[in-house]
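Undergrad: Residue-level listing of the chains:
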Amino acid sequence: MGVRNLSCDVLVVGGGAAGLSAANAAADKGAKVLIVEREGELGGILNQCIHNGFGLHRFGEELTGPEFANKDEVKVEANPSIEVELGCSVLELAHDGDRLRATVSSEALGLAHVSCGAIVLACGCRERTRGQINIAGGRPAGVYTAGSAQKLINVDGALVGKRVVILGSGDIGLIMARRMTWEGAKVLMVCELASEPGGLRRNIQQCLVDNDIPLYLSRTVTQVFGHDRLEAVELADVDPATMRPIPGTEQRVECDTLLLSVGLIPENELAKTIGIKIDRATSGPAVDESLETSVPGIFVAGNELHVHDLADYVSEEGEVAGRNAAEFALGERKAGTADIEVVKGENVGGMTPQHVTGSAEGVTIRFRPRKRIQGAEIRVTSAGELVKRARRMIVVPSEMQTIELSADDMAKVTGPIEVSCTPVANGKKGA
Amino acid sequence: MDRVVDVCVIGAGVSGSATARELSRWKLDIEVVEAGYDLACGASRTNSGIVHGGYDPIPGTNKAKYNVLGAHMIPELAKEIGFRYKNNGSLVVAFSEEEVPHVKELVERGAENGVPGVSLIGAEELHALEPNLNPCAVAALKCDTSGVVDPFGMTVAFAENAATNGVRFTFKTRVESLERGEDGLWRLTLSDGSHVSAKAVVNAAGVHAIELHNSVSADKLVAHPRKGEYELLSRDMGPTFAHTMFQTPNALGKGILVSPTVEGNLIVGPDALDVDDPDDTATFPAGLAKVVEQAKKTWPDYNGREVIVNFAGVRPTGADGDFVIGEVADAPGFFDIAAFDSPGLSSAPAVAQDVAAMVAERLGAEPNPAFDGHRDLPPRFLEMTEEEQAAAIAADPRFGHIICRCEHVSEAEVLAAIHAPIPATTVIGVKRRCRAGMGRCQGGFCEPLVAEILCRELGCQINEVMLQGPGSEVAPYLRGEVRHGRA
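Each protein sequence line maps, in turn, to chains A and B.
In this text, residue positions in the first sequence follow the numbering used here: the first is 1, and each later residue adds one.
In this text, residue positions in the second sequence follow the numbering used here: the first is 1, and each later residue adds one.
Treat each hint with caution, since some may be false.
[To be verified] DSS-like mimics (lysine-lysine), calculated; alpha carbons at most 30 angstroms apart, straight line: (1) A:K29 - A:K75; (2) B:K290 - A:K162; (3) A:K162 - A:K75; (4) B:K27 - B:K172; (5) B:K296 - A:K277; (6) B:K199 - B:K254; (7) A:K272 - B:K27; (8) A:K334 - A:K344; (9) B:K27 - B:K86; (10) B:K296 - A:K272; (11) A:K334 - A:K29; (12) B:K86 - B:K290.
[Said to hold, decoys possible] Pairwise CB distance ranges (calculated): (13) B:E211 - A:E254: 26 to 32 angstroms; (14) B:G373 - A:I246: 57 to 63 angstroms; (15) B:D279 - A:S115: 51 to 57 angstroms; (16) A:S195 - B:A319: 49 to 55 angstroms; (17) A:G275 - B:G471: 43 to 49 angstroms.
Because the hints were derived from the structure by calculation, they are not lab data.
Note that the structure is predicted; figures quoted are calculated from it, not measured.
Beta carbons are placed, not taken as given, at the ideal position from N, Cα and C, and that holds for glycine.
Using the sequences plus the hints, can you model the full thing?
TA: Dropping the structure here:
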């Protein structure tokens, strides 16, 4: 049997929050859509997020991860324009004349080439590992990324340990602190290298404070001990100026589990196969306001674009990418002619879009503040002129900020757009 | 269960496995006893994976003899028994004029040891070959015959071919004691309480070989185990250097090597720390920091980014510096492969050949006409052409199911590892055989999937799946309602 050939208007890579909403949005525009999902079911990482807190923005109700995913899954399954391939991985992307081609593999399809007019990449993200933060020590069992441990408990029904130290205050780590406590494990502490928590404020409260789990900022794990199973970890205080452990502050804590919640990285290995330009600040593809990447016809949404803290905004992005991909594939898209850079100003970390082409009516800018500010003003300027400003009671690095520029706002843009996020002048706080 | 065999090989690392395979060329009943849970649990796995040319050992030593012979055998063996080898060549770099005489000395030593393809190259040629090398490098020894291998894969290849030719492997079983009986048989007491009686014993116990030797001989050896720490970088960094880059050895030590691995990663290390416990393979923050610092001499741009894992190995170094090979004078029938540190990996095929011949001669063994020395390298989905991939999936649909997204490892490859002649029974065993979990995410996504497959194939519960040795359950406790491996 040779290589099979399939065809669609829009190929959506990944059937999680971003992919599902992208598929629905693309099909609503009249496109023939194929979703390729590597797992055996749709839903992506939401399937293992059995806690609630999803959907408040998008659906106005509090849902669990699987419930949140199900809202879009039901629509996908009912839509005759959307086909789904499960247990199917995309190996490579390539140009195919004036179309795009994905090489996919599954038990059911074998090896196949999918010819498509446009692609939405929605592969999500992966967790930073022990190796990447280079913790020294032996290589015992009991050291997991928080998401792996979450899958084992929530999907496979197995608990990784009873006496737990968590490194990193990212949201999955916080959720797992509560989850493991509820499973009867003793979560000794959460340590955070930075002087700011990495997760949402509501998760700090609900997962740690409500469960009497201490959070130690500016503290890290420097070594793990144990041969076959983890026996202890070595902690050390961290100098906030250098972000390095302070000699002499080491202490040994006996535990059988170390969970790592030390950052998420957009999964852009597939994007690299076709040479999509990656932004160093977000680690995701650089995009315009239509979420189109540097390769025409390839759009990206969700955690593959930049890591979000709320699934609701992942879905929202999926809709934008799906709609624009459909218009591109169906030849209905207004091509952008401008190339206006969006510049990170004061206190602005990773931000999207990286440039604006005029391909959409308005522009949704999302960014992470570099540091916490009580009473902040987000300012969008162009060539020194104010385009838009907005006030926030508080901004923190763990919470992504969004500011919408309307078509009227964009009319004021005459050059590169700069976004900054600074303390409110005159000591006025709040908005 | 007590048993009587012709030969008992102690240790299933590269030297024990290679010797077992060579022994299976004769009509002998052979058992390999291994303390670890899998093949190559010690120094055979945690090393640089370099096939040294043979210009480094002092002429006339066992190291010089076996290194040159072994390095010559490895390219052919790689095809014959299926392991990954790449002839990338090596450079020993002089970073100042003061270091040049030492490099010249190594070139001469290479000639004396009979190493082909060793020459001295100047700065211009050197920097043309390696643009990322420290600009202050002035000259280098260039060795065309050295290469890189997958040391674990090489051990697996020897062991599986041995097993196919009738050698039995017993894991998780330590030799507690051994003595030579009046009947001339060696009687080994094992940690599971059983006994093995053997006409001959091959001591290939790695970091424990010297203590084993000392338990049977009055001619005591002194062990000097030394730990070496490494950092392994992602495949994105593999092309930084084409050759294996050595620094010129000096009074402070042998320096840090930077080399592409046979899988296309980049490896940086090792340092050398004296250790008391030869089984302690933990890394230290200070040691790793020093490895990074010293590597900058070769690669000034190295900044510690793209590290995917750090690890350490303990070299089974002996105090006098040379390998101890052959029958022990006051212990007839007891054959040493001791003090087998670097270049042990490169030397193993030649040492195995010699030691097996000595054993066969001592036992008056007949050749084994049924011996089949060939083993195929298990197919890798990632390396197939699209037509081959399509054909593989048509023949076995599980090739189409990708388990490891980083390395594109299919379920069929995971199953092949689990059902191999020497089966992978743990998550790490699977990882080392087929690379599921070797990539960027280091098993973050595929480890639970591999655990599910192991569960299904071994017929156990999820909480019984081991990461590595006993006591290393991936997730030791069940939640109320447990979903078992898919039926």
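Undergrad: Now tell me, hint by hint, if it's right for this structure.
TA: Do the hints match the structure? See the list:
1. A:K29 - A:K75: Holds: A:K29 and A:K75 sit about 14 angstroms apart, inside 30 angstroms.
2. B:K290 - A:K162: 35 angstroms, violated
3. A:K162 - A:K75: 41 angstroms, violated
4. B:K27 - B:K172: 27 angstroms, holds
5. B:K296 - A:K277: 29 angstroms, holds
6. B:K199 - B:K254: 41 angstroms, violated
7. A:K272 - B:K27: 54 angstroms, violated
8. A:K334 - A:K344: 27 angstroms, holds
9. B:K27 - B:K86: Violated: B:K27 and B:K86 sit about 34 angstroms apart, past 30 angstroms.
10. B:K296 - A:K272: Roughly 28 angstroms separates the two Cα atoms, so the pair holds.
11. A:K334 - A:K29: 14 angstroms, holds
12. B:K86 - B:K290: Given that 30 angstroms is the threshold and the Cα spacing comes to 29 angstroms, the pair holds.
13. B:E211 - A:E254: 26 to 32 angstroms: 31 angstroms, holds
14. B:G373 - A:I246: 57 to 63 angstroms: 58 angstroms, holds
15. B:D279 - A:S115: 51 to 57 angstroms: With a Cβ separation near 56 angstroms, B:D279 and A:S115 satisfy 51 to 57 angstroms, so the hint holds.
16. A:S195 - B:A319: 49 to 55 angstroms: 50 angstroms Cβ-Cβ, so the 49 to 55 angstroms window holds.
17. A:G275 - B:G471: 43 to 49 angstroms: 47 angstroms, holds
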